[in-house]
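*Asks:* Residue numbers (my numbering), protein chains in the order written: chain A, 1 to 139; chain B, 1 to 300.
Heads up, some of the hints might be wrong.
[Stated by the list, open to error] Covered by chain A, according to a simulated footprint, are these stretches of chain B (three or more residues, beta-carbon under 8 Å):
#, region
1, 139-153
2, 158-168
3, 249-258
[Claimed, not checked] Okay, derived cross-link-like pairs now, DSBU-like style, lysine-lysine, Cα gap no bigger than 35 Å in a straight line:
#, chain 1, residue 1, chain 2, residue 2
4, B, K49, A, K74
5, B, K268, B, K24
6, A, K40, B, K59
7, A, K72, B, K47
8, A, K57, A, K40
9, A, K74, B, K167
10, A, K129, B, K245
11, B, K268, A, K40
12, B, K167, A, K10
13, A, K129, B, K268
14, A, K40, B, K299
15, B, K167, B, K268
16, A, K40, B, K47
17, A, K119, A, K57
18, A, K72, A, K10
19, B, K167, A, K22
20, A, K10, A, K21
21, B, K167, B, K47
22, A, K10, A, K22
23, A, K57, B, K245
24, A, K72, B, K49
25, B, K245, B, K274
26, B, K299, B, K245
27, A, K50, A, K72
28, B, K274, B, K59
For the record, the hints were derived by calculation from the structure and aren't laboratory data.
C-beta atoms are modelled at their ideal positions from N, C-alpha and C, and glycine is treated no differently.
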Amino acid sequence: MEERFGIPEKLFDDYLLFSRKKSWTLVRNGPHVISASRLKVAKAGLKAFKRVGHFVKPTTRMIQTFGPFATKAKISINEVQLSRLLAGEQFPVHLGPDQGYIILTLEDGRILGLGLLIKGTLRSQLPRKEVRQSMIGEG
Amino acid sequence: MELIFENYCDIIPDFCLFQEYLRKPIPTHIRINPLKIVPETLLTLLKEKGIHLESANEKYDTLYYAPGLNLSGNLLEYFFGHVHPQALTSCLTSLALSPGHNTYILDMCASPGGKTSHMSQLTDNTGLIVANELYPTRHFALGHTLDRLGVFNTVITGYQAQEFPMKHRFDYILADVPCSGEGMFRKTREGSVYRETRGKVSLPDLQKKIILRGFDLLKNQGEMIYSTCTFNPDENESVVNFLLKNRDADLLPIDVGFDYEPGVREWKDETYDKQIQRCARFYPHRINSVGFFMARIGKR
């Protein structure tokens with residue numbers, strides 16, 4: 001997270017990372033975690049990362065929480081661009097030669113989640129079932 | 001006009017007004033999630049969209065009615081995890097418990113996770129909440145709610161609430177038990193009478209087992225909330241009275257900033273302990289939300 005997004009490692013000092021089959025969850029550390037480890041636990045904390053092919057991808061919810069601390073690989077889009085991404089479109093963005101996962105924010109700074117930048121073209125990595133066209137401009 | 005829940009006409013005050021409110025639509029209520037946004041900021045952002053929220057109570061900066069907003073789940077703010085649609089009375093259980101920071105908490109029947117996430121909010125994501133839900137099919141919804149709202153201080157387990165392992169002791173316990181759901185009538189338009197008729201285990205029997213196990217899992221000086229969304233004294237006062245008879249429990253006063261009626265002292269042939277009056281009955285015509293019952297229980 002620090003290498004890719006500039007999110008300081010020390011932010012995670014208070015957390016424990018648990019590995020599952022193809023994902024990792026993040027739990028707030030504290031004295032009660034040891035006690036709870038004696039229980040049969042179905043899920044611990046927030047799903048933070050998942051394995052996608054050879055890569056480890058942060059989840060939308062992980063990025064929404066820690067994204068505000070990112071100092072790089074971050075881009076602001078407007079609602080029209082968001083709508084295009086949700087429709088499955090890809091469009092060029094100018095971020096130099098950088099490639100890989102990129103944090104998407106709205107113009108007001110709120111973190112949407114991740115996009116994927118390949119050869120200067122941005123595509124959505126937002127969960128389609130959770131963010132819908134109908135949500136944009138709702139009100 | 002056909003009376004609804006006629007058998008409660010002697011215990012529900014202002015029964016005519018109660019009937020009137022049962023026939024009114026329930027107002028949309030949302031809880032702002034300060035784990036992910038400052039409430040004031042969200043209010044400003046929604047106002048810019050033309051969405052005006054009305055404070056449910058000046059005491060809380062996170063509880064709002066959303067008049068004119070039918071589907072708060074269709075807001076981008078829902079996706080962001082900034083808001084959670086939750087009945088006002090449902091929010092009051094977590095507020096009545098008010099778990100402290102860095103404490104060990106058990107939510108005995110946690111799905112779909114509204115109250116669990118609210119407790120996480122109240123503890124500022126500190127300590128640990130064991131969110132127990134028997135049915136694995138409900139774990140997905142529970143986990144999704146907690147993830148969306150940015151909750152990091154929970155673990156999900158799948159025990160039967162009444163048989164939760166005794167090797168732990170908790171500072172706070174929420175027992176929002178399975179019930180006949182009469183208080184939801186305005187929402188569901190189903191005047192449910194009793195699930196017993198569906199061939200399931202007797203609800204009061206199950207509720208009594210859960211309340212005892214919950215109490216036994218408390219640390220000394222620990223606190224527990226027993227709650228239902230039903231008007232039925234058999235599932236409310238009778239269950240709490242059963243606890244008082246069988247354990248050295250105290251009923252503690254409830255102050256959540258909303259009017260409620262005290263627990264009933266008599267029902268059918270039973271007279272309950274004097275302490276029962278400390279229970280809280282929230283009626284739709286008093287609080288304009290779903291009907292709710294809660295008891296705040298302390299362990300000496």
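*Asks:* Quick one: which hint numbers does this structure break? Sort them smallest to largest.
*Replies:* 3, 6, 9, 10, 11, 13, 15, 16, 21, 23
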